[in-house]
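For chain U, the structure is supplied; the task is to place chain Z on it using the hints.
There are 2 protein chains.
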Amino acid sequence: MKGNIVVGQSGGPTAVINSSVAGVYAAARKLGVNKIYGMVHGIQGFLQDNLCDLDEYLADETGIELLKRTPSAFLGSCRFKMPKIEGHEDVYEKVFEIMEKHDIECLFYAGGNDSMDTVKMLSDYAAAHNKPQRFMGVPKTIDNDLPITDHCPGYGSAAKYIASSIKEIIRDNESFGVEKPTVCIVEIMGRNAGWLTASAALAKGDDCSGVDAIYLPEKTFDMAAFMDKVKKLSATKSSVVIAVSEGVKIADGRYVCELANENVAVDAFGHKQMSGTAAYLAAEIAKETGLKTRAIELSTLQRAANHLASLTDINEAFQVGHDAVLAAEEGKTGMMIILERNGDDPYQCGTSAYDIHEIANVERSVPAEWITEDGCDLNDGYEKYARPLIMGELQPWFSNGLPRHLVRK
Amino acid sequence: MKGNIVVGQSGGPTAVINSSVAGVYAAARKLGVNKIYGMVHGIQGFLQDNLCDLDEYLADETGIELLKRTPSAFLGSCRFKMPKIEGHEDVYEKVFEIMEKHDIECLFYAGGNDSMDTVKMLSDYAAAHNKPQRFMGVPKTIDNDLPITDHCPGYGSAAKYIASSIKEIIRDNESFGVEKPTVCIVEIMGRNAGWLTASAALAKGDDCSGVDAIYLPEKTFDMAAFMDKVKKLSATKSSVVIAVSEGVKIADGRYVCELANENVAVDAFGHKQMSGTAAYLAAEIAKETGLKTRAIELSTLQRAANHLASLTDINEAFQVGHDAVLAAEEGKTGMMIILERNGDDPYQCGTSAYDIHEIANVERSVPAEWITEDGCDLNDGYEKYARPLIMGELQPWFSNGLPRHLVRK
Chain U
14 MKGNIVVGQS GGPTAVINSS VAGVYAAARK LGVNKIYGMV HGIQGFLQDN
64 LCDLDEYLAD ETGIELLKRT PSAFLGSCRF KMPKIEGHED VYEKVFEIME
114 KHDIECLFYA GGNDSMDTVK MLSDYAAAHN KPQRFMGVPK TIDNDLPITD
164 HCPGYGSAAK YIASSIKEII RDNESFGVEK PTVCIVEIMG RNAGWLTASA
214 ALAKGDDCSG VDAIYLPEKT FDMAAFMDKV KKLSATKSSV VIAVSEGVKI
264 ADGRYVCELA NENVAVDAFG HKQMSGTAAY LAAEIAKETG LKTRAIELST
314 LQRAANHLAS LTDINEAFQV GHDAVLAAEE GKTGMMIILE RNGDDPYQCG
364 TSAYDIHEIA NVERSVPAEW ITEDGCDLND GYEKYARPLI MGELQPWFSN
414 GLPRHLVRK
Chain Z
14 MKGNIVVGQS GGPTAVINSS VAGVYAAARK LGVNKIYGMV HGIQGFLQDN
64 LCDLDEYLAD ETGIELLKRT PSAFLGSCRF KMPKIEGHED VYEKVFEIME
114 KHDIECLFYA GGNDSMDTVK MLSDYAAAHN KPQRFMGVPK TIDNDLPITD
164 HCPGYGSAAK YIASSIKEII RDNESFGVEK PTVCIVEIMG RNAGWLTASA
214 ALAKGDDCSG VDAIYLPEKT FDMAAFMDKV KKLSATKSSV VIAVSEGVKI
264 ADGRYVCELA NENVAVDAFG HKQMSGTAAY LAAEIAKETG LKTRAIELST
314 LQRAANHLAS LTDINEAFQV GHDAVLAAEE GKTGMMIILE RNGDDPYQCG
364 TSAYDIHEIA NVERSVPAEW ITEDGCDLND GYEKYARPLI MGELQPWFSN
414 GLPRHLVRK
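Those protein sequence lines, which keep their order, are chains U and Z. Using the numbering used here, you'd call the opening residue of the first sequence number 14 and step up by one each time. Using the numbering used here, you'd call the opening residue of the second sequence number 14 and step up by one each time.
Among the clues, some could well be false.
Identical chains share a label here; the pair holds if one copy fits it or two copies do between them.
Claimed, not checked - Lysine-lysine pairs mimicking DSBU-like chemistry, simulated, CA-CA at most 35 Å apart:
#, residue 1, residue 2
1, Lys242, Lys43
2, Lys193, Lys114
3, Lys305, Lys97
4, Lys193, Lys217
5, Lys144, Lys97
6, Lys422, Lys245
7, Lys97, Lys250
8, Lys305, Lys262
9, Lys422, Lys397
10, Lys193, Lys107
11, Lys422, Lys43
12, Lys345, Lys422
13, Lys300, Lys262
14, Lys345, Lys217
15, Lys232, Lys305
16, Lys242, Lys15
17, Lys262, Lys43
18, Lys94, Lys217
Source of the hints: derived by calculation from the structure; they are not laboratory data.
Isolated chain U, as found in the complex (with noise of 0.2 Å):
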């Protein structure tokens, strides 16, 4: 590569989104590319030729290494919706005039659907005006939605802080184990897709019993069956846990949380802000079968415990970002990496480069077929596809007491 790259981080961050700035920045110190930028805050900032130069943060391997065990973006993120560009060719023309600046023949960001959009929508742009540079998109997203790839970086690690978290909320509420039964309702992220509250299946074991439900936004949420559920639970267990979405739904379409509160604010993309379907829920139980209850929320700590990642993950976000490159260094643009499973025993993954059309804004929700018939578990099958995901463990590099971090100047 003759020009200069620059890579970009954009929409909800990831315990691992950083791995994959660490694996651009590598493959393309080792293909000798002159300037490798950051942008700071994603495109937004971009647009306001807000950028860093990485060499300065990552020049020596301790640098590589700290960014990994570093949550969240560290260039900074952006939730930043490409306009249409009919109407909006200056948007567009700004970007490129920035790149012409910098001299940055390939532009790199790591997001999920709607960071892809981006990804097509500045190649289709290149495209249409017969510009030369070129646009690559690396995966990233704890909702694991983005379809062809075989999963999603980031995912890993928020599975493994989940089955973590709600083994040790699990252990927690079975503590008190001669008192009436405790109910205890984690709430986890996932709008659409059900992966994240499915990684609670993970945390069963033979050390630990698991939850006791699984409530997934892919199926229509039936609050008097919940109900019942809840009261059969109760009756023979002194603990009881059950993992929620925040996006399941009722038959009507709308989603539990607005049942407590009408006013749900919604981000750029429209998206709703979920919050408070453990509270509602646990609430409810309460009301109806004066069981104590407990809402646990993991909130973003979710997508940002890096202390806890898993290696698997962090690997393959570094390996995605440094394939983006080494598939930009033969020409190819308006394409996202995608993992490929090639082996589950021993698992094994590999990468290729794969056209952005067929995966911006397409999510992928989880299989109708690793549900079990009642709708409130996991089976094997997803077991086999997560398990190997959360596998391994990177050390975080404590200072003072303190997992450390690398952060901007």
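This is chain Z only, laid out in the frame that chain U set:
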């Protein structure tokens, strides 16, 4: 010691209460105690003769090491309050009957204020009725509110988890820098004492700007001043993160969480079950300022997150259990083991046995001289006190990608 011993766990579990059981076991094994029993579900289970033989789990070193890595109460806990002696002699006689049945010479009880009351009542009863059995308290509480002792085992690990999680929350909250500010309210446990909330101050370092304000229950909560502070902070910062104790009260004595929900549930000790302070404050901020807000409750993970426990805490929890046995061997009874700080640089801490009457039912608050003048931060006095308590890690034993725990059969 000629007779057998029994150890029990009581009250809210911690990440390291099992290390105290390990310490009791290790010391008793060294002394050649014949049977080392565990009470299943504390004194409540003991009254039903529900015991287990700890040799079954801890006879080899891997058992003890795994127990140190297991959160919550391995033996099961309870919230059973011993009744007044007068009129309830049968309950007390039952305890001694079961002790005699199993030839138990000494009872060790790990817990906080309420549990130390159990130790006091039982040792008082023994003294009044010339019973030879001895009773020793082993301090345990994430709340860190026991008097006399420098600090309480369980606190350091909770503080480490809180400070680490808050660092991750701050990084997450800072990622969207170019949009309008997000105000994140983090609710931390602590009904009357602000020790846990104070630990949010430890997040600050040269890689983290720290939280923007800390509200402890030691100070009356002023809603107008709070709102004013939020407005000032959000006028200049793109990310505002505020730590609030679940136990903050307004001037008329009501808890902030009661402002949202008047019907707060009450436990066996008459303690209100707290929840919803952050959600209430976040909603009020959104209403008044239109800012994006997020409410995070760290919830039971504060006390259950053994995967991020402090090694200092684990070792001290072990030590107080161990030294309780040595004190009992010397014939002591009606005492609790306290931690005595002997030095700050390097940090050193020893133990001694202290009269339980001075400890039971007394709550220690965060000293006023460690709280800054505006009431919204902690000063170096707290930093010097608390930092050593979160130092060091004990890597979990991972199996199938998750921290492994020891469980009762």
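Cross-check of the supplied hints:
Neither within a single protomer nor between protomers do Lys242 and Lys43 lie at most 35 Å apart by alpha-carbon distance, with minima of 57 Å and 49 Å respectively. For the homomeric pair Lys193 and Lys114, the shortest alpha-carbon distance between copies (29 Å) is at most 35 Å, but the shortest distance inside one copy (68 Å) is not. In the homo-oligomer, the alpha carbons of Lys305 and Lys97 lie at most 35 Å apart only across protomers (26 Å), although the nearest pairing inside one protomer, at 51 Å, exceeds that limit. When the C-alpha separation of Lys193 and Lys217 is checked against a cutoff of 35 Å, the pair qualifies only within one copy, where the shortest distance is 23 Å, while the shortest distance between copies is 41 Å.
With identical chains, the CA atoms of Lys144 and Lys97 are at most 35 Å apart within one copy only, with a shortest distance of 18 Å there and 85 Å across copies. In this homomeric assembly, Lys422 and Lys245 come within 35 Å of each other (Cα to Cα) only across copies, at 24 Å, whereas the closest approach inside a single copy is 56 Å. Proximity of Lys97 to Lys250 under the C-alpha cut-off of 35 Å is restricted to the inter-copy arrangement: shortest distance 31 Å between copies versus 55 Å within a copy. Within a single copy, Lys305 and Lys262 get their C-alpha atoms as close as 25 Å, and across copies as close as 24 Å, so both meet the 35 Å cut-off.
Taking identical chains as interchangeable, the C-alpha atoms of Lys422 and Lys397 lie at most 35 Å apart only when they sit on different chains, with a minimum of 27 Å there against 43 Å within one chain. Taking identical chains as interchangeable, the C-alpha atoms of Lys193 and Lys107 lie at most 35 Å apart only when they sit on different chains, with a minimum of 23 Å there against 64 Å within one chain. Taking the shortest alpha-carbon separations for Lys422 and Lys43, only the intra-copy value of 25 Å comes in at or below 35 Å, while the best inter-copy value is 54 Å. Taking the closest pair of Cα atoms, Lys345 and Lys422 come within 35 Å of each other only inside a single copy of the chain (33 Å); across copies the shortest separation is 58 Å, beyond that limit.
Proximity of Lys300 and Lys262 under a CA criterion of 35 Å is satisfied in both settings, with 21 Å inside one chain copy and 26 Å between copies. For the identical chains of this complex, Lys345 and Lys217 are neighbours neither inside a copy (43 Å) nor across copies (44 Å), given an alpha-carbon limit of 35 Å. In this assembly of identical chains, the alpha carbons of Lys232 and Lys305 lie at most 35 Å apart whether taken from the same copy (27 Å) or from different copies (30 Å). For a Cα distance limit of 35 Å, the shortest separation of Lys242 from Lys15 qualifies neither inside one copy, at 63 Å, nor across copies, at 51 Å.
With identical chains, the CA atoms of Lys262 and Lys43 are never at most 35 Å apart, being 49 Å at best within one copy and 58 Å at best between copies. For the homomeric pair Lys94 and Lys217, the shortest alpha-carbon distance between copies (34 Å) is at most 35 Å, but the shortest distance inside one copy (40 Å) is not.
Hint compliance for this structure: hints 1, 14, 16, 17 are not met, and every other hint is.
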